[in-house]
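The hints should help you fit chain B onto chain A, whose structure is shown.
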Amino acid sequence: MTRAEMKQRKLDATSERVLGMVMPQGAPWANDLRQDALNRLLSMGLPQGRDEYWRWTKPDSLTAETPTQAAVFHSDDTPIFTALDRLKLVFVDGVFDAAASDALEGENLEVMRLTDALSSDIHWIKDAYGALEKRAQDPVDRPLATLNTAFATDGIVIRATGPVSRPVSLIYLHKDESSDAILHHVIKLDAGAELTLLENGPAAARFNKVMEIEVADGARFHHVRAQGRDHERRAVTHLFASVGSDAAFKSFTMTANGVLTRNEVFIDIVGDDSVAHVAGAAMGDGDFLHDDTVFITHAGLRCESRQVFKKVLRNGAKGVFQGKILVKQAAQKTDGYQISQGLLLDDDSQFLAKPELEIYADDVACSHGSTVGAINEDALFYLQSRGVPHAEATDLLTLAFLAEAIDEIEDEAISADILDRLEGWLARRRG
Amino acid sequence: MLEIKNLHVKLEEEDKQILKGVNLTVGEGEVHAIMGPNGSGKSTTSYVLAGRDGYEVTEGEALLNGQNLLEMEPEERAAAGLFLAFQYPVEIPGVGNMTFLRTAVNAQRKARGEDELSATEFLKVVREKAKSLKIDADMLKRPVNVGFSGGEKKRNEILQMAMLEPKLCILDETDSGLDVDAMKLVSEGVNALRDGKRSFVVITHYQRLLDHIKPDVVHIMSAGRIIKSGGPELALEVEHNGYADLLAEQEQA
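From first to last, the protein sequence lines are chains A and B. Under the numbering used here, the letters of the first sequence match residues 1 to 431, in that order. Under the numbering used here, the letters of the second sequence match residues 1 to 253, in that order.
In short, the hints are calculated from the structure, not lab data. Built from N, CA and C at the ideal position, the CB exists for glycine as well. Check before you lean on any hint, since a few could be wrong.
What the hints assert, rightly or not - Listing some non-contacts, in silico: residues in chain A with all C-beta distances to chain B over 12 Å:
1) Asp121
2) Pro163
3) Val275
To be verified - Label pairs and their computed distance ranges (CB to CB):
4) A/Asp347 - B/Asp195: 41 to 51 Å
5) B/Arg109 - A/Glu410: 31 to 41 Å
6) B/Asp195 - A/Asp287: 50 to 60 Å
7) A/Ala64 - B/Glu73: 48 to 58 Å
8) A/Asp287 - B/Glu114: 38 to 48 Å
9) B/His8 - A/Gly373: 29 to 39 Å
10) B/Leu193 - A/Glu410: 53 to 63 Å
11) A/Gln69 - B/Arg109: 46 to 56 Å
Chain A extracted, bound-state conformation (with noise of 0.2 Å):
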């Protein structure tokens, strides 16, 4: 078979999926811009097992026309950022729970359902809906996040216009075993405010979720996810991020088990003196893939960005990083940093590393690196010398592995609470 003539049967087969599908109407122009992203859609087809980009992460689930199901996950822990004080907008496989929530307004906040949003004539909202998205498939084709802007049932729209002061949080609920969620969040911070948002819960069997973020001028926006313990999820995210001048821009995200996770960052840095960090702490133990792809493209000067993911795997575990950093010609006195690393706790294990830079600028900084590896045997027994049981010792070690990742959350009370869950998932396989 030719290359042309695998790409149409790629298309048709994409084509066959979507046509079934049902897109939420709205208003006309949001109509046309879903029209739009279908039609994008069906020029670059679903992804498939062997598109470079999904060669270590298995697209069939999440392209399939029904989603596997999915058992929902009980525990009795109180959930993540409980105790925090927070604005709640709570989503029940994929469909906004309104009486669960907190009421839609804040400080220096406009909050919308996307629902509403699409139906209304919100000016920004206009410009804002799939824009993002649209502009993140060159130079790579993200499909999912196409379809996404296509079919999207719900999401959050949110605009800061100063500081907020309490974060807002997003709580997915997964209730139905055979829920195919599609999530679409837009957010917007005008020139200096500032916003926390965070993220955890368990969203549905199967969850499609793009967040649009576009970051102007002196705003500082902060992001912490939490995906959790639900063993028989697949997931597909996009975060896709503009960030202006003197502006920061920083993300983590927490994932634990789950059949397949495929977290997609993609940030443009488009003004001078802004910062843009990505991390990730990730645990596998068992049959479970995560994979975080990121591609940060530096345009302006004096930026700096960094992306730090560990992820600790055992009993079968595989863990993907494919990092890219792009700096762009005019990108002068660029600071790139990017580690990624894979800590095996047995030989089943799996972590599959694609680091990448591409530098067009002549002065700039860029360090990446990549490690595989186990415990160390002198720090165990340096720690086992003065008597912390080996056990103990391990969860140390490992907890000391995952530190850089969780030293770039800023705030020290969301800090502690995910090294609270960290210690009690080690602390459960301790016994």
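Same frame as chain A, but now just chain B:
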């Protein structure tokens, strides 16, 4: 306190006998020095006693207050009162020195059925002991031994020793890599722990450490055995004449 009887040890990986019948008895409150040329088995003795992997005991035994050390896990040996000050202290990125100390102290207390120290109690004790070793707050906060100078690492070993209050301390070439002032500081730290009950085994190449930490007995080790034991004057003899005479004497015998 410590009784080593006819200890034979070989490397697990290769068929190489390192210790060929070590006998050593250290009484309560005594300080014993072990000297000897490179490769004589001094460090191996300390590692085998502490329980490091990679060694196979083919014969003999080692008892700490009657307990068979060689059958215990490293952490059990520590809880029983054994402490090894490492020649090369290990760097542990990501673990704060303070967390490390507290985890160790409390793990040992727990193993002995004692209550864990509260954060406040612990802090009070550690600050006091750190001060006498000139270990500042910054060193306590930093990750274990990461970025520490040679002298700082050794002082950190002594701080651990002071916090854990072991019954038997083995110092493996604690003087290596130390300048004169640091050696004095470390020795003072060690001497402060001498209380007539705690015992010490000091492994060193040089007599000068023994000027600061005065031994009761000096042993000379060579080719996996203790070939001669005597008083502090034996160390001076080695310092003057080297090991050659002693080794020749041994061969004739």
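Evaluation of the provided hints:
no.	hint	result
1	Asp121	52 Å, holds
2	Pro163	31 Å, holds
3	Val275	23 Å, holds
4	A/Asp347 - B/Asp195: 41 to 51 Å	48 Å, holds
5	B/Arg109 - A/Glu410: 31 to 41 Å	35 Å, holds
6	B/Asp195 - A/Asp287: 50 to 60 Å	56 Å, holds
7	A/Ala64 - B/Glu73: 48 to 58 Å	50 Å, holds
8	A/Asp287 - B/Glu114: 38 to 48 Å	43 Å, holds
9	B/His8 - A/Gly373: 29 to 39 Å	34 Å, holds
10	B/Leu193 - A/Glu410: 53 to 63 Å	42 Å, violated
11	A/Gln69 - B/Arg109: 46 to 56 Å	49 Å, holds
In summary, the one numbered hint that this structure violates is 10.
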